[in-house]
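**Q** We have chain F already, so just place chains C and S on it with the hints.
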Amino acid sequence: MTLIVPIGPQHPALKEPENFMFEVKGEEIVDVNIRLGYAHRGIEETLARRNYKYNIYLAERICGICNVVHSTTYCQAVEQLAGIEPPERAKYIRALIMEFERIHSHLLWLGVAAHEIGFDTLFMLAMRDREYIMDLRELISGGRVHSGTNTIGGVRRDVRREQVPVVLRGLDKLEESNKYYLKLFQNDRSIIARCANLGVLNKEDAIKYSTVGPIARASGVKWDLRVDDPYGAYPKLSFDVITEDGGDVLARGMVRLREIIESIKICRQVLKEMPNGPVRVPVDIEIPPNETVERTEAPRGELIYYLRSNGSDVPERVRVRTPTYGSFAALKSMFTGGTVAEIPIVLWSIDPCFACNDRVTLVDPKTGMVSKLTLDEIRRLRR
Amino acid sequence: MELKRYFRKKSPWLLHFNTGGCNGCDIEILAALTPRYDLERFGIKLVGSPRHADILVVTGPVTKQTKDRLLRVYQQMPEPKAVVAVGSCPASGCAFHDCYNVLGPLEKHMPVSAHVLGCPPRPEAIIYGVIKALEKL
Amino acid sequence: MNSNEVAELLKAKVDETKIVNERCLFATSDKKRLKDILEALKSHGVTRISTITGVDNGTSVELIYHFDCKPTLLNLKIFLAKDDLSVPTIIDLFPGAILYERDIMESFGVKVEGHPDPRRLFLPDDWPEGDYPLRKDRKVPTA
Numbered sequence: 000m001t002l003i004v005p006i007g008p009q010h011p012a013l014k015e016p017e018n019f020m021f022e023v024k025g026e027e028i029v030d031v032n033i034r035l036g037y038a039h040r041g042i043e044e045t046l047a048r049r050n051y052k053y054n055i056y057l058a059e060r061i062c063g064i065c066n067v068v069h070s071t072t073y074c075q076a077v078e079q080l081a082g083i084e085p086p087e088r089a090k091y092i093r094a095l096i097m098e099f100e101r102i103h104s105h106l107l108w109l110g111v112a113a114h115e116i117g118f119d120t121l122f123m124l125a126m127r128d129r130e131y132i133m134d135l136r137e138l139i140s141g142g143r144v145h146s147g148t149n150t151i152g153g154v155r156r157d158v159r160r161e162q163v164p165v166v167l168r169g170l171d172k173l174e175e176s177n178k179y180y181l182k183l184f185q186n187d188r189s190i191i192a193r194c195a196n197l198g199v200l201n202k203e204d205a206i207k208y209s210t211v212g213p214i215a216r217a218s219g220v221k222w223d224l225r226v227d228d229p230y231g232a233y234p235k236l237s238f239d240v241i242t243e244d245g246g247d248v249l250a251r252g253m254v255r256l257r258e259i260i261e262s263i264k265i266c267r268q269v270l271k272e273m274p275n276g277p278v279r280v281p282v283d284i285e286i287p288p289n290e291t292v293e294r295t296e297a298p299r300g301e302l303i304y305y306l307r308s309n310g311s312d313v314p315e316r317v318r319v320r321t322p323t324y325g326s327f328a329a330l331k332s333m334f335t336g337g338t339v340a341e342i343p344i345v346l347w348s349i350d351p352c353f354a355c356n357d358r359v360t361l362v363d364p365k366t367g368m369v370s371k372l373t374l375d376e377i378r379r380l381r382r
Numbered sequence: 000m001e002l003k004r005y006f007r008k009k010s011p012w013l014l015h016f017n018t019g020g021c022n023g024c025d026i027e028i029l030a031a032l033t034p035r036y037d038l039e040r041f042g043i044k045l046v047g048s049p050r051h052a053d054i055l056v057v058t059g060p061v062t063k064q065t066k067d068r069l070l071r072v073y074q075q076m077p078e079p080k081a082v083v084a085v086g087s088c089p090a091s092g093c094a095f096h097d098c099y100n101v102l103g104p105l106e107k108h109m110p111v112s113a114h115v116l117g118c119p120p121r122p123e124a125i126i127y128g129v130i131k132a133l134e135k136l
Numbered sequence: 000m001n002s003n004e005v006a007e008l009l010k011a012k013v014d015e016t017k018i019v020n021e022r023c024l025f026a027t028s029d030k031k032r033l034k035d036i037l038e039a040l041k042s043h044g045v046t047r048i049s050t051i052t053g054v055d056n057g058t059s060v061e062l063i064y065h066f067d068c069k070p071t072l073l074n075l076k077i078f079l080a081k082d083d084l085s086v087p088t089i090i091d092l093f094p095g096a097i098l099y100e101r102d103i104m105e106s107f108g109v110k111v112e113g114h115p116d117p118r119r120l121f122l123p124d125d126w127p128e129g130d131y132p133l134r135k136d137r138k139v140p141t142a
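Residue numbers (numbering that gives the first Met the number 0), protein chains in the order written: chain F, 0 to 382; chain C, 0 to 136; chain S, 0 to 142.
Hints in this document: simulated from the structure, not taken from any laboratory.
Incorrect hints may appear among the rest.
As the list claims (entries may be wrong) - Just a sample of chain C residues kept apart from chain S, beta carbon distances all over 10 angstroms, derived:
hint, residue
1, 9
2, 99
3, 110
Said to hold, decoys possible - Below are the BS3-like pairs computed for lysine-lysine, each with C-alpha atoms no more than 30 angstroms apart in a straight line:
hint, chain 1, residue 1, chain 2, residue 2
4, S, 12, F, 207
5, F, 331, F, 202
6, F, 172, F, 202
7, F, 221, F, 235
8, S, 81, S, 30
9, S, 69, F, 202
10, S, 76, F, 52
11, S, 69, F, 264
12, F, 331, S, 41
13, S, 81, S, 69
14, S, 31, S, 41
15, S, 110, F, 207
16, S, 31, F, 221
Claimed, not checked - So these bits of chain S aren't anywhere near chain C, every CB distance computed over 12 angstroms:
hint, residue
17, 20
18, 21
19, 25
20, 39
21, 54
22, 87
23, 110
24, 115
25, 116
26, 128
27, 129
28, 136
On a predicted model such as this, the values are computed, not experimentally measured, just so you know.
Beta carbons are placed, not taken as given, at the ideal position from N, Cα and C, and that holds for glycine.
For reference, chain F alone in the conformation it holds in the complex (with noise of 0.2 angstroms):
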């Protein structure tokens, strides 16, 4: 005889609303069935109702924790169906920015995952150093969250020399804060007791569903988009890439831990090795028919655009598919045979993004007094 938990959509294991039906016998989970579309705002056709500039703004909005990756995708993609090249100096600031991304997601995992494995105090400093990540980004882009830099043809501020020492003196500071947390993850007995074992996803069921990003590196599958088609300044720069063996929430733990420390050493190249010159070029937004698809690696894993224009200002179609779409398919294999207490621990360290996912899309035209309104809004959000 089995029973259904429900969990969600409001529940206080999730940041965001979805639903989980988790089928259980006593303790331990038989099947489980998702509901996705509390997120669902309809997207996609909205992409492809307003100009190729608005559309950045609305880009980035999918999602809030992986926002530059999504502003970034959408511009290259645009540039490469006008047939532009951005100057290298906009693809180095561009590199420091979704470096920056990487490295406050990560952080923000490991404060969330701790919070939801009991350990408060870990939540608590991981949020503390958090905080530096974020003044770094305002400092840069001028925003906290959302950084509204990119724009068709490069960057809009640009890097100051004084800024340089201020950044450097940031890493420093984070990376000593991420070794503390490296030997946490290795030598503490109550995180190991509540993580290891647990989720275990095997290399042949992580290649057979297609995961993507950390999950996919944590069992073993070496694939990273940044080193195997590479995009924007990254083939000049170098770094390793992580993988683990174990396949379990601990894996995936110290996958992202890892890929911090890769991500300052990043920064510091950037900051080094960025040439002088401008940091955008002019477009013309009339972009003749082309089509086009772009892949970038985000915090989460693989981020894929497909964009395809008509001669007009508005593109035709954009197709957005974003990582934690991807990992799905791999969730039952984790979740069976597990048991109820785990279910909040296994379901965070794949790291969901829900507002990334349920985006698709839908038409409805408003009344005119609205759209007015609106309107106004969005050019004041732009300034």
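**A** Here is chains C and S on its own, set in the frame of chain F:
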């Protein structure tokens, strides 16, 4: 009666509900709990159940799928209660104003005590908004 | 495999190929030869499907399958006529495609034959049947 009102204003408990936003405001609410901004020095903490909460903090544009759950959570909270709408999305829809699955501003569905505008607003602004909502309690 | 090798592998089974650069190419084919193409890719070590995109271009619905061929990205286009919107499932060869096929079923009304779980994915429960949001010929319901 004055004594009761005075004590209600100390240490309200918050319930956070995300109606389908981009999570920018949610991580700023989480950042408000952390050592730098520290909501807990006011006695404010996040709770898990609507039955324990005094203030409902709503983020995100209200999507069709979450509207029923949102109203149910609001009705389960005991009186007196206040609602704080964090971000530009519950105020007007922000960038998603003309998407089909988005149902318009939060004020159409429930009374709102305070709006904290921004995309996303800073943690200091969120704390100020919660304190302002307390005055209506 | 780089773009030229992938194009060479699929030469007999596709109608035309367009090589964008050494790590990205587009290929067009039809649904009858889809299974042969997938088996050829599988036998050369391609195991990862990135996503399935649908586009309504007015006269037909295009389905674009994106495969990662380590490191090339192969974008395979299949044209479906609007009066015959059905395509066989590919989850026996690529199990990772299970959610993408549900997505195109509810957005375009494409029937994926053999899918074990044809339920709604993103749209709300009270969305009307037969209303496919991403089709260009959709009549927007007056609110």
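**Q** Compare the structure with each hint and give your call.
**A** How the hints compare with the structure:
Once the 10 angstroms rule is applied to beta carbons, residue 9 of chain C is consistent with being away from chain S; the minimum gap is 41 angstroms. At roughly 7 angstroms, the least C-beta separation between residue 99 of chain C and chain S is not larger than 10 angstroms, which violates its mark as non-interface. Residue placement check: residue 110 of chain C keeps its beta carbon more than 10 angstroms from all beta carbons of chain S (closest about 24 angstroms). In summary, the hint linking residue 12 of chain S to residue 207 of chain F is supported, as the alpha carbons are separated by about 25 angstroms, within the 30 angstroms threshold.
Simply put, residue 331 of chain F and residue 202 of chain F have alpha-carbon atoms about 15 angstroms apart, close enough for the 30 angstroms limit, and the pair holds. For the proposed pair residue 172 of chain F and residue 202 of chain F, the alpha carbon gap of about 35 angstroms is over 30 angstroms, so the pair is violated. Between residue 221 of chain F and residue 235 of chain F the alpha-carbon distance is near 20 angstroms, which keeps this suggested pair within the 30 angstroms criterion. The hinted pair formed by residue 81 of chain S and residue 30 of chain S meets the criterion: a straight-line CA distance of about 14 angstroms does not exceed 30 angstroms.
Between residue 69 of chain S and residue 202 of chain F the CA atoms are separated by roughly 17 angstroms; this keeps the pair inside 30 angstroms, and the hint holds. Distance check on the hinted pair: residue 76 of chain S and residue 52 of chain F sit about 28 angstroms apart at the alpha-carbon level, within 30 angstroms; holds. Only pairs whose Cα atoms come within 30 angstroms are accepted, and residue 69 of chain S paired with residue 264 of chain F is accepted, the gap being roughly 26 angstroms. With a CA separation close to 24 angstroms, the supplied pair residue 331 of chain F and residue 41 of chain S stays within the 30 angstroms bound.
Straight-line distance between C-alpha atoms of residue 81 of chain S and residue 69 of chain S comes to about 34 angstroms, which puts the hinted pair past the 30 angstroms bound. Restraint check: the Cα-Cα separation between residue 31 of chain S and residue 41 of chain S comes to about 17 angstroms, which is no more than 30 angstroms; the hinted pair holds. As the CA atoms of residue 110 of chain S and residue 207 of chain F are separated by approximately 24 angstroms, the hinted pair is consistent with the 30 angstroms bound. Taken as a hint, the residue 31 of chain S and residue 221 of chain F pair is broken in the structure, with Cα atoms around 34 angstroms apart against an allowance of 30 angstroms.
Once the 12 angstroms rule is applied to beta carbons, residue 20 of chain S is consistent with being away from chain C; the minimum gap is 32 angstroms. Every beta carbon of chain C lies more than 12 angstroms from that of residue 21 of chain S, the smallest distance being close to 36 angstroms; the non-interface claim holds. For residue 25 of chain S, the requirement that its beta carbon stay farther than 12 angstroms from each beta carbon of chain C is met, with the minimum near 30 angstroms. No Cβ of chain C comes within 12 angstroms of the Cβ of residue 39 of chain S; the nearest lies about 40 angstroms off, and the non-interface call holds.
Every CB of chain C is more than 12 angstroms from the CB of residue 54 of chain S (nearest about 19 angstroms), matching its label as outside the interface. Residue 87 of chain S, annotated as away from the interface, keeps every beta carbon of chain C farther than 12 angstroms; the closest lies near 31 angstroms. With a closest Cβ-Cβ approach of about 24 angstroms to chain C, residue 110 of chain S is found to remain outside the 12 angstroms limit, as its non-interface label requires. At roughly 24 angstroms from the closest C-beta of chain C, the C-beta of residue 115 of chain S stays outside 12 angstroms, upholding its exclusion from the interface.
Residue placement check: residue 116 of chain S keeps its beta carbon more than 12 angstroms from all beta carbons of chain C (closest about 19 angstroms). At roughly 16 angstroms from the closest C-beta of chain C, the C-beta of residue 128 of chain S stays outside 12 angstroms, upholding its exclusion from the interface. At the 12 angstroms boundary, the C-beta of residue 129 of chain S stays outside the reach of chain C, the nearest C-beta of that chain being 16 angstroms off. A cut-off of 12 angstroms between C-beta atoms confirms that residue 136 of chain S is not in contact with chain C; the least separation is 16 angstroms.
Violated hints for the displayed structure, listed by number in ascending order: 2, 6, 13 and 16.
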